[in-house]
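Enquirer: Numbered per the working numbering, the sequence shown spans residues -10 to 899.
Since the hints were made in silico from the structure, they are not lab data. Hints are not guaranteed to be accurate.
Calculated lysine-lysine pairs in the DSS-like style (CA-CA distance at most 30 Å, straight line) [stated by the list, open to error]:
id	residue 1	residue 2
1	K721	K562
2	K721	K633
3	K251	K323
4	K319	K251
5	K219	K252
6	K273	K219
7	K323	K224
8	K252	K269
9	K533	K520
10	K499	K167
11	K520	K562
12	K311	K224
13	K273	K224
14	K251	K224
15	K319	K224
16	K251	K219
17	K533	K89
18	K272	K317
19	K251	K269
20	K162	K311
21	K562	K533
22	K269	K319
23	K89	K317
24	K280	K311
25	K499	K689
26	K89	K167
27	K272	K252
28	K273	K311
29	K533	K689
30	K317	K252
31	K562	K524
32	K273	K251
33	K689	K627
34	K317	K273
35	K499	K89
36	K269	K280
37	K721	K627
38	K167	K216
39	K89	K319
40	K224	K269
None of the values given here were measured: they were computed from a predicted structure.
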Amino acid sequence: MMEETAEIVGKSSLHKNVHNHNRYRYLSSYGGSSSVRRFLFFVSCFGLYALVALTYAWLAFPPHIGRTYHVSSSSLGCREDNEGSWSVGVYYGDSPFTLKPIETVNVWRNESAAWPVANPVLTCASLTNSGFPSNFIADPFLYVQGDTLYLFFENKNPITLQGDIGVAESTDKGATWKPLGIALDEPWHLSFPFVFNFNGQIYMMPESSQIGELRLYRAINFPLTWKLEKVILQKPLVDTTIIHHQGNYWLLGSDHSSFGAKKNGQLEIWYCTTPLGPWKPHKKNPIYNGKRNVGARNGGRGFLHDGNLYRVGQDCGENYGKRIRIFKIKTLSKEEYIEVEVPFDLEVPRKGRNSWNGLRHHHFEVRQLSSGGYVGLVDGDRVTSGDLFHRVLLGYASLAGAITLVVLLGFLLGVVNCIVPSTWCMNYYAGKRTDALFNLETDGFFSGKLRRMCSRLNRVPPFLRGLVKPSSALGRLALGLILLVGVFLSCLGVSYIYGGSGAVEPCTFKGHASQFTLATMTYDARLWNLKMYVKHYSRCASVKEIVVIWNKGHPPDPTELDSAVPVRIRVEKRNSLNNRFSIDPLITTRAVLELDDDIMMSCDEIEKGFRVWREHPERLVGFYPRYVDQSMTYNAEKFARSHKGYNMILTGAAFMDVGFAFGLYQSERARLGREFVDEQFNCEDVLLNFLYANASGSAKAVEYVRPSALVLDTSKFSGVAISGNTDQHYRKRSECVRRFSELYGSLSDRRWEFGGRKDGDPNRRRLSVSSHFGRLLHRIKDRDRRPTTSLWLLTEIPPPSPPKPTIKTEDESRGPHGVSSHFCRLLRQIKDQNRRPTTSLWLLTEIPPPSPPKPTIETEDESGDPHGVSSHFSHLLRQIKDRNRRPTTSLWLLTEIPPPSCECRRLCPC
-10 MMEETAEIVG
0 KSSLHKNVHN
10 HNRYRYLSSY
20 GGSSSVRRFL
30 FFVSCFGLYA
40 LVALTYAWLA
50 FPPHIGRTYH
60 VSSSSLGCRE
70 DNEGSWSVGV
80 YYGDSPFTLK
90 PIETVNVWRN
100 ESAAWPVANP
110 VLTCASLTNS
120 GFPSNFIADP
130 FLYVQGDTLY
140 LFFENKNPIT
150 LQGDIGVAES
160 TDKGATWKPL
170 GIALDEPWHL
180 SFPFVFNFNG
190 QIYMMPESSQ
200 IGELRLYRAI
210 NFPLTWKLEK
220 VILQKPLVDT
230 TIIHHQGNYW
240 LLGSDHSSFG
250 AKKNGQLEIW
260 YCTTPLGPWK
270 PHKKNPIYNG
280 KRNVGARNGG
290 RGFLHDGNLY
300 RVGQDCGENY
310 GKRIRIFKIK
320 TLSKEEYIEV
330 EVPFDLEVPR
340 KGRNSWNGLR
350 HHHFEVRQLS
360 SGGYVGLVDG
370 DRVTSGDLFH
380 RVLLGYASLA
390 GAITLVVLLG
400 FLLGVVNCIV
410 PSTWCMNYYA
420 GKRTDALFNL
430 ETDGFFSGKL
440 RRMCSRLNRV
450 PPFLRGLVKP
460 SSALGRLALG
470 LILLVGVFLS
480 CLGVSYIYGG
490 SGAVEPCTFK
500 GHASQFTLAT
510 MTYDARLWNL
520 KMYVKHYSRC
530 ASVKEIVVIW
540 NKGHPPDPTE
550 LDSAVPVRIR
560 VEKRNSLNNR
570 FSIDPLITTR
580 AVLELDDDIM
590 MSCDEIEKGF
600 RVWREHPERL
610 VGFYPRYVDQ
620 SMTYNAEKFA
630 RSHKGYNMIL
640 TGAAFMDVGF
650 AFGLYQSERA
660 RLGREFVDEQ
670 FNCEDVLLNF
680 LYANASGSAK
690 AVEYVRPSAL
700 VLDTSKFSGV
710 AISGNTDQHY
720 RKRSECVRRF
730 SELYGSLSDR
740 RWEFGGRKDG
750 DPNRRRLSVS
760 SHFGRLLHRI
770 KDRDRRPTTS
780 LWLLTEIPPP
790 SPPKPTIKTE
800 DESRGPHGVS
810 SHFCRLLRQI
820 KDQNRRPTTS
830 LWLLTEIPPP
840 SPPKPTIETE
850 DESGDPHGVS
860 SHFSHLLRQI
870 KDRNRRPTTS
880 LWLLTEIPPP
890 SCECRRLCPC
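With the sequences and hints as input, model every part of the structure.
Expert: Encoded structure:
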């Protein structure tokens, strides 16, 4: 009986194993038959998504996204930073509580550039273009010596990603600044450079909380050379200031490392008879330890005004550094501290991210000048802390959603039949399989619960196909919606990751920003156009005021218009196109942008055009070119393109000098032209072009700026276009051309080619793949480097210049190609430049820079192509042979950077 039972069990086991073998073979053959179909499906879907997303990015994002306009594309500065994009602005007033931004006082009013100077006056580009790379600047502190102002600030180094202390100089009361360099650079993060004078010596007390100390430095050669005087406190205090009051020095700071301390909501006070210490803690420490919005953390230097002492705090309630709060100190003694908040309303633009301080400002420095007035400096930001991380996270989440929808589409189309392929659970062994391996695989590797879970997941595709049938109309609609949502998520992901913060920064000229007045002419039938117009353009960074020239009908109330800047409606007595260029003494800017109310273009285009006009303020700078030849007929832009030149710029979208242009148009010599404009009710822009050409002589009178994005004409949607009949409109304008040619001379002898201006930014179309690689090849050619794809091309970071040849002994360079020699050379370079030995790009990648080849004399036979592939690989193989390494294809060969020798790692403690 026992033998029969064993025989039955053996046959059952054999039958079970044969069944498992057959099941495995079936699943394997099933998975292999559709692999090509699945591959083609995923490649086509992802290729479509990538094509649409790249096209969207090319159309929507300017080439400067992720950095500012006005820094070199090869520089390291002005990159997006997760801490923000801080910059510094200047305010003037009769007291610390009546300060107004610099653009309200018309500073720098001369003929050489546009005025007024506008905030911000010091940015990352200011330092980067001066040779000191910077991602942002913050925490401004002033030191006044006569009529010269020295500004100390935190500079975020884009290489070490930590703060240094920079310094700039101004001799015109803070209107313009000249960066002098880095005043203090340590191996740790520095910020909040509190500078003061004591006993004829100048001291600086920057924040050094990263090393748990509060250090005091003394100027050896002001303002760039400083020496550590002493460590005054062994505490990681942040944003620390000193106040001199009633014979004592009071130190106020926040210690976020202490037990139970609330970050950005804690304040401590220490006192001493000298700022050199020793310091004693206040009896009521901590003074604050609670909510972040109470202004506990210092936001600048305390100041004295009208006999009262004030402390500057920062409100960190909504986010870090949201706003500034001022507190009046009523009692400050060794036993008591009482302060009350006082009203403080700093004028902030309503332009959101397009304003340099639209979202937050957290530091305030105010000093009285020798003239008796006050100058204040404020740092501001257009984004919040963590904005970059937040956008990247959302971007990758959107791309993950798009991938999920592709998989869902595969389920519904039958291309993907399971979520967890069975071969993943069974295909562990190749070749002959024994019963022991089958039992181990089924019973040991996967539990019953895991197999049941995989089985239930694999029932999802058939279930979804049962709900949505691709053959039905509803099913095709569902598939189309899924595809469209996937495309939308792909574009959204690219927008979050590569689209920047959405802010449009002003284009500076000679390191300074400015503002202009926006003027438009309209009437009652186009009110809805005007509302869209004002809402959109009032948010552009450089727009100071909008002037509406109201020609006909009842004007609207300015409160009906959603505007971030003042709107002034100038009601005209009669309906005339000449009103567009009427002299207006209330315009306070030199630049005026005449822009029709039915033209909608991006603020980015407006800012680029304004920058071009600041380079050529004597010209008419605009976006719509025309060409008039000897036939004296008016034609569209296509005619100018076909003749590869232009000699007119339409003032429907053009920048001009308000004094020159309006004065010229209203002059006596333009009287006959104005009368003809009234007669035709047309051609005021053509007349201004003839007047510019007549006044400029043989010099260039007009300048074209090519828009790099779509421009909309909203009058096409409303049916109230002034020039609705194109043929009749062009006939009238041709008559104007002939008439004005008789009065002011012909334009046919003038022609300027498109693309003649090589300013590198406004006149070039959005960066494309071809232009990107072209620029890289030019850089390679300039550096005498071969055009290969290497680490430098991928990162777009210029390699360091090769060191000058020096004579070294074997002891000085233990491994000629190893880590020790590379690090010693790097440390010597750092020491020569007075820079700290910090973690840089080389240290992070642990790849030594390529050494310059030693000069050798080669014949043609020895190196058939001295700069070609053969010589390159011969040189590479000789290096490998010298290092006793086998000639294999590795990371070092692919990147073309010599690897460190292993034996040198133990020789260099770095």
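Enquirer: Need the list of violated hint numbers for this structure, in ascending order.
Expert: none
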